[in-house]
Amino acid sequence: MASQLDPDRLFPADTRTREIARSLYATIADLPIISPHGHTDPHWFAENEAFPDPAQLFITPDHYVFRMLCSQGIALESLGVPRIDGGWTETDGRKIWKLFASNYHLFRATPSRMWLDHSFETVFGWTKRLSAETADEAYDHIADCLTRPEFRPRALFERFKIEAIATTESALDDLKWHRMIRESGWSGKVITAYRPDSVVDPEFDGFAENVEKFGELAGEDATTWTGYLAAHRNRRAYFKEFGATSSDHGHPTARTENLSQAEAEALFQKALKGTCTAEEADAFRGHMLTEMARMSLDDDLVLQIHPGSFRNHSGPVMKTFGRDKGFDIPSRTDYVRALRPLLDAVGMEKNLSVIVFTLDETTFSRELAPLAGVYPALKLGPAWWFFDSPEGMRRFRETTTETAGFYNTVGFNDDTRAFCSIPARHDVARRVDCAYLAHLVVTGRLAEDEAFEVAHDLGYRLAKQAYRL
Amino acid sequence: MASQLDPDRLFPADTRTREIARSLYATIADLPIISPHGHTDPHWFAENEAFPDPAQLFITPDHYVFRMLCSQGIALESLGVPRIDGGWTETDGRKIWKLFASNYHLFRATPSRMWLDHSFETVFGWTKRLSAETADEAYDHIADCLTRPEFRPRALFERFKIEAIATTESALDDLKWHRMIRESGWSGKVITAYRPDSVVDPEFDGFAENVEKFGELAGEDATTWTGYLAAHRNRRAYFKEFGATSSDHGHPTARTENLSQAEAEALFQKALKGTCTAEEADAFRGHMLTEMARMSLDDDLVLQIHPGSFRNHSGPVMKTFGRDKGFDIPSRTDYVRALRPLLDAVGMEKNLSVIVFTLDETTFSRELAPLAGVYPALKLGPAWWFFDSPEGMRRFRETTTETAGFYNTVGFNDDTRAFCSIPARHDVARRVDCAYLAHLVVTGRLAEDEAFEVAHDLGYRLAKQAYRL
Amino acid sequence: MASQLDPDRLFPADTRTREIARSLYATIADLPIISPHGHTDPHWFAENEAFPDPAQLFITPDHYVFRMLCSQGIALESLGVPRIDGGWTETDGRKIWKLFASNYHLFRATPSRMWLDHSFETVFGWTKRLSAETADEAYDHIADCLTRPEFRPRALFERFKIEAIATTESALDDLKWHRMIRESGWSGKVITAYRPDSVVDPEFDGFAENVEKFGELAGEDATTWTGYLAAHRNRRAYFKEFGATSSDHGHPTARTENLSQAEAEALFQKALKGTCTAEEADAFRGHMLTEMARMSLDDDLVLQIHPGSFRNHSGPVMKTFGRDKGFDIPSRTDYVRALRPLLDAVGMEKNLSVIVFTLDETTFSRELAPLAGVYPALKLGPAWWFFDSPEGMRRFRETTTETAGFYNTVGFNDDTRAFCSIPARHDVARRVDCAYLAHLVVTGRLAEDEAFEVAHDLGYRLAKQAYRL
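Taken in sequence, the protein lines are chains A, B and C.
Residue 143 is where the first sequence starts when you use our numbering, and the numbers rise one by one after that.
Residue 143 is where the second sequence starts when you use our numbering, and the numbers rise one by one after that.
Residue 143 is where the third sequence starts when you use our numbering, and the numbers rise one by one after that.
Be aware that a few hints might be false.
Same chains, same names: a pair is fine if it fits in one copy or spans any two.
[Stated by the list, open to error] The calculated DSSO-like cross-link candidates involving lysine-lysine, where the alpha carbons are at most 30 Å apart (straight line), are:
hint, residue 1, residue 2
1, Lys467, Lys492
2, Lys467, Lys237
3, Lys382, Lys492
No lab work stands behind these hints: they were computed from the structure.
Could you put together the complete structure from these sequences and hints?
Have a look at this one:
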């Protein structure tokens, strides 16, 4: 049977190094998947309905896929991306699929290509190369699979050997799908994570209304500073009931603040009135990270900071199609001064876990590894978003390990809403780490027996430990 | 016969990977050269006179060469660089050559060394290592060649298999050499490119006079905003008559603006009066990029942005020797916010081609690949200037491919005025790309048959397509 | 006998490349050590007393070691780091050692692990792997060694084949230990270096008192600008009597200034009164670099600039334990504009040697290599501090060589106070350089005979030449 997957993919070229990588990988390839941070839809696992057609599974929801097609002049409408004005967009899955398949060469040497080929083959058993010629055959093959029970979300969850997966919900979410999962009696461990951006960011659409709704959900008067903090505590506890072990914060920068309670309260009241300046809104967001960290000291939620994305870069695309259309662009991010207020407040707490991510690779060796290599509370999240790729992961290890070691990192996060890509992504991470470890062994920087232990740590144990799963 | 050139140079060390690289390279090594951006002198091809002595061919005009000698304390005067005050400089080519040859070890492992050895050997058939001992012999050998017809510019052009080469001329240039080439009946394709820095940069020496002359050349009253824009349209059309397919813009930063016509006009009038602040001059330059892009929508010229060089860094050197003496230093450049006004205006136009270069490698993975990987109008220029080197090119591929793929890049530009180095530079680019592709094949990230297609694309087709040649 | 050291460590994996690396290394492995910049304690060589216990030798004084342990929640007190308030800290060396040994896995793949294993084995002949199980045995073994004469500082100095080592002393130091070494008749070459931070930085603790003391030491009225400059000249001459060939400057940024004497004097008077703004203090520090460079033109001291560390990042740690507790974090540093005033003043002086270091690797290819590749006075210091590591050193060569060549770099500095790690660090640097050179040879970028010469230059000759030793 043909295959698009080289069994030795991502292993070093050199024979001896490759053999060691292969040996390491063999011991971790089939470990269960810990997915402590991601964006799968709990609705899937709650209702367990069949996924719709191949285009809706692989193309329309995947930014990586449609942004690349867009970059070559293919209109988002023709890929089925809905317009805000309700204007025409393609709805024929097969047409969308054929457009995608005809441009499959654009993905050469990208991680998307590797994930897609891996999904086609290992999830659906379709092993030919996708192209204009094979588009229909692939479409029919996958569409047929999707009608069968073993391709429903829960069956795939089990087939993927997911030991635990975290979704991400707004602080305003009622978690009804999580409740439905829990009440269904299904044994799959699908947990939530607390994402309060809509109620901690004064610049978020409808901030004041959000805070009001937030108070109602929590049974607190969230329009007072004390009530607002109490509402967070209450909601965090509620999220914990549905398995949450972490909160997640997607701010434009890594800025933190540790204001006096009076200052914070004053900013909060301005925020509710919508009179914060941009600077004040930024300071408030920064302060709330420190408040969240203090709450974490009490309730043990891991604090995740995901800064540095310039969201919705294209005005025209935002206007026509709305948010999250592949136009979020990384930008330069500073951590040394930005994280200092939070670290001065709680950085030496050894029972706190603050996990920082970056989209600015230059900060790994210069800022983040030196910080995580000394502050007990700080850990490094894995290579993220555009860097969730073989080269990105390799650079992550090469620029962090010498200063922060392995044990200030937290294993792999897939961070995805593309369900079928999850095994592929974890497989890439495990292979890249084994390749890196094998290289260390061959160059005398790590003993072979230690490499086996580290491989298991990076591929499984550290994620479980860091996220308290 | 001895040789300084390893036939496997720049290929990976690993045997299997090297074999694949060799196979890929074999299919593209002899392809014609597309040189869509550079600084060769059209005068050479117009008059087709013999090049003067070896020193004037290889040393005096090549910044890379004399800056390295200067860095070790060798006076620019002794290398024949003319002083503004007319003071003494060495004029004896042989003396200059011997000084250079005696310090040839300084170039070890630099791209200059590779280009020079390649030129000596493949262009002039001189295969020994240059040194104090061999300096005279090399000088005599090359000087002798230069007297022969087969070493005249047009003969070399044909020997180099140049399919098309673009020079770069100021918007104020009358293009007389290009006219002479065209009228000579010679078949070599030497085209111009439109470089309007002197009439779009309010801080350029003699801006107001330049604009006046510009209007005269164009037959427009360029001192009015409308006439000024019309003059650009006119000159662009004139440049197109001499083959231009692109404009080129060398601004200090990547800043763009999309001002209202009233604002732009007001700045333009201040610029003519010489009363722009530094900030206003910068805004005007930024706005003109967007105007140029809009003109490109009409006349199809490719827009090239080359930002980020701090020009003429040394005050004393500028004072004694003038501009362009190897003291242009790259500096940190931001693209995400800087390019936004232009991209909001024209970024979604699929028939527009905006090619961006950088001297700040950190922006490749963080900013430029994510931008080029989504905006239809934007493409990535190749590794440029100091990064036009084996390591620079490798890093370019490693930091852009995963996010932008191959098809948002535009092949190779040699960007040089060192004519004899052109085959060497394209050869380096082709070898480095084949090495990169071979590595992808061996690590299971690209199928071997696809690698052959990509090699041809990177070595030839993409440059031709992106520059509409 | 077991060993933790792979004889081929840090050499490339590929067989042929490894063989070349091995051949190169064989010719330089045993060369004497030139250590032109570091922080060993001259007291050791003056008194030549036995080092105390293993914990005090390897753990308590080594930031790299205790910061990593701290990052995993181990209290600094339990590692014997003294508290400012005199509160409890562990004093039992064996307990500290066991805590360290039990956490030795944290150092996997870090340079500390490599240095420690190298010291245990080559200095002390202890070849097992350190762990909780072997902690006592290792402690006893090393403690026993330390009682013997051949492990005293001078004996180790000779065993390490140190040809010359520079310590670093404050401009206020009386150099009594250096005097004692000189008067002892011992032949070891231990020299000082002039570090005037405490008297050139208006923000340094006790600046005005320091300047007063400085004047007394120099026999000048250092409270006048003229007297202050004379005092520097005087102290520099004094340091030269004890072998100094360099000065060293650890500023927060790379800023330089070249103010008029009147401006400088005015800032100096404000500094003495303690009324400088942060901006003025920064300008004064920057100006003093240019003054130091001018003095270097007269007295030939090499000027070293070590910018970019955010010192004592944690407020609580600074308050409890004081300075230098592993909380110095690199931060983004700009050189192009920052160094310009100094370079305009003295950059073209070919007899001046200004050596610049960086903690911001992004500046190597973008700023520092282009600057050092043209200014005669400027040289690049080696990979520094957190980057004094295999990957850091590799990236240093890959990002500087193509633009600055080898001969604008200055060999290796160990920059350490961990005496036993000195041979290990130089060995790492020599191995990494040989690996890099071998890779250049195999990829046809450097002839093999030239590689041997370069290996010797990088491993020995350049440090000697650049530091005038």
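- Query: For the identical chains here, do Lys467 and Lys237 meet the 30 Å Cα criterion within one copy, between copies, both, or neither?
  - Reply: For Lys467 and Lys237, only the intra-copy Cα distance (20 Å) is at most 30 Å; the inter-copy one is 57 Å.
- 30 Å Cα threshold - placement of Lys492 relative to Lys467: between (39 Å within a copy, 17 Å between copies)
- Item | Within, between, both or neither: Lys382, Lys492 at alpha-carbon 30 Å | Classified as within: same-chain Cα gap 21 Å, cross-chain 48 Å, threshold 30 Å.
Checked against the numbered hints given earlier, the structure satisfies every one of them.
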